[in-house]
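J.: Chain F is already provided as a structure; the job is to place chain Y on it using the hints.
First to last, the protein sequences are chains F and Y. Using the working numbering, the letters of the first sequence map in sequence onto residues 570 to 685. Using the working numbering, the letters of the second sequence map in sequence onto residues -15 to 96.
Because the hints were derived from the structure by calculation, they are not lab data. Misleading hints may appear alongside valid ones.
[As the list claims (entries may be wrong)] The list that follows gives simulated cross-link-like pairs (lysine to aspartate or glutamate, EDC-like), each with its CA atoms no further than 16 Å apart:
#: 1; chain 1: F; residue 1: Lys572; chain 2: F; residue 2: Glu599
#: 2; chain 1: Y; residue 1: Lys83; chain 2: F; residue 2: Glu638
#: 3; chain 1: Y; residue 1: Lys53; chain 2: Y; residue 2: Glu40
#: 4; chain 1: F; residue 1: Lys624; chain 2: Y; residue 2: Asp81
#: 5; chain 1: Y; residue 1: Lys83; chain 2: F; residue 2: Glu625
#: 6; chain 1: F; residue 1: Lys624; chain 2: F; residue 2: Glu641
#: 7; chain 1: Y; residue 1: Lys83; chain 2: F; residue 2: Asp628
#: 8; chain 1: F; residue 1: Lys626; chain 2: Y; residue 2: Asp81
#: 9; chain 1: F; residue 1: Lys582; chain 2: F; residue 2: Glu648
#: 10; chain 1: F; residue 1: Lys624; chain 2: F; residue 2: Asp607
#: 11; chain 1: F; residue 1: Lys572; chain 2: Y; residue 2: Glu29
#: 12; chain 1: Y; residue 1: Lys83; chain 2: F; residue 2: Glu599
In case you want the letters, here they are:
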Amino acid sequence: DVKVTQSSRYLVKRTGEKVFLECVQDMDHENMFWYRQDPGLGLRLIYFSYDVKMKEKGDIPEGYSVSREKKERFSLILESASTNQTSMYLCASSLLGRGMGDNEQFFGPGTRLTVL
Amino acid sequence: ILNVEQSPQSLHVQEGDSTNFTCSFPSSNFYALHWYRWETAKSPEALFVMTLNGDEKKKGRISATLNTKEGYSYLYIKGSQPEDSATYLCASEGSNDYKLSFGAGTTVTVRA
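One chain only, chain F, in its complex shape (with noise of 0.2 Å):
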């Protein structure tokens, strides 16, 4: 069975903080990817990679940095954490490649961080 997890459900955390959200997969797949959910707003693409240490920046990178190390995990982190960037994070995945089915994401859980 596919899954997607995340480090936190919910997390709170001061203005100016390092804040790591952390996401694993475990269906070998090649893409990755992080988003933010707001009301009104729908899911925007914070970053997203296709391969081990490889990143691109999404529609809203600015505040954010991610690392990839190993291919099953995704990591987000917010450098200096403010109040602007309270929200439900969510961690996706996919296969690479197209003609190899339907190219559908996999999301995990959320994280809803509320920043002080």
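T.: Okay, now just chain Y, sitting in the frame of chain F:
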């Protein structure tokens, strides 16, 4: 950034009634249209991925159609049940990469 729009933002349906809602997306550089269902306290789950104009897919009481020339997709729920209550997200996948651009979702509440 692809501009994907969903309407309505929310709707309430009586149990047993059927309903449908819309996703519109830019038709240029299009590769695929995804539909996901996101139930409260759960992860979003894929319902359909459609690529061909005129495509129609079905899963149980839920079906979807795709018009790539005019840039829209409909999701239909037949005989709504309380377990259909969820936010339904559509996302457009461009031809240049694997990124998805999501709409804001349609939240469906089925009243018993």
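J.: Within a Cα-Cα threshold of 16 Å, do lysine 572 of chain F and glutamate 599 of chain F meet the stated pairing?
T.: With a Cα-Cα distance of about 14 Å, the restraint between lysine 572 of chain F and glutamate 599 of chain F holds, given a limit of 16 Å.
J.: CA of lysine 572 of chain F to CA of glutamate 29 of chain Y, is that 16 Å or under?
T.: holds (11 Å)
J.: Does the alpha-carbon distance linking lysine 83 of chain Y and glutamate 599 of chain F stay inside the 16 Å limit?
T.: holds (13 Å)
J.: Is the hinted pair lysine 83 of chain Y and glutamate 625 of chain F satisfied, with a Cα-Cα distance of at most 16 Å?
T.: holds (10 Å)
J.: Lysine 624 of chain F and aspartate 607 of chain F were given as a pair; does the straight-line alpha-carbon distance stay at or below 16 Å?
T.: violated (23 Å)
J.: Do the alpha carbons of lysine 53 of chain Y and glutamate 40 of chain Y lie within 16 Å of each other, as the hint requires?
T.: Status holds; Cα separation ~15 Å.
J.: Lysine 582 of chain F and glutamate 648 of chain F were given as a pair; does the straight-line alpha-carbon distance stay at or below 16 Å?
T.: holds (12 Å)
J.: Would the pair lysine 624 of chain F and glutamate 641 of chain F pass a check requiring their Cα atoms to be no farther apart than 16 Å?
T.: holds (14 Å)
J.: Are the Cα positions of lysine 83 of chain Y and glutamate 638 of chain F separated by 16 Å at most?
T.: violated (21 Å)
J.: Between lysine 83 of chain Y and aspartate 628 of chain F, is the straight-line Cα distance small enough, at 16 Å or below?
T.: holds (10 Å)
J.: Checking one constraint from the list: CA of lysine 624 of chain F to CA of aspartate 81 of chain Y, max 16 Å. Satisfied?
T.: Holds, at roughly 13 Å.
J.: Starting from lysine 626 of chain F, check that the Cα of aspartate 81 of chain Y is at most 16 Å away, please.
T.: Holds, because 12 Å separates the two Cα atoms, which is no more than 16 Å.
Comparing the model with each numbered hint stated earlier shows that hints 2, 10 do not hold.
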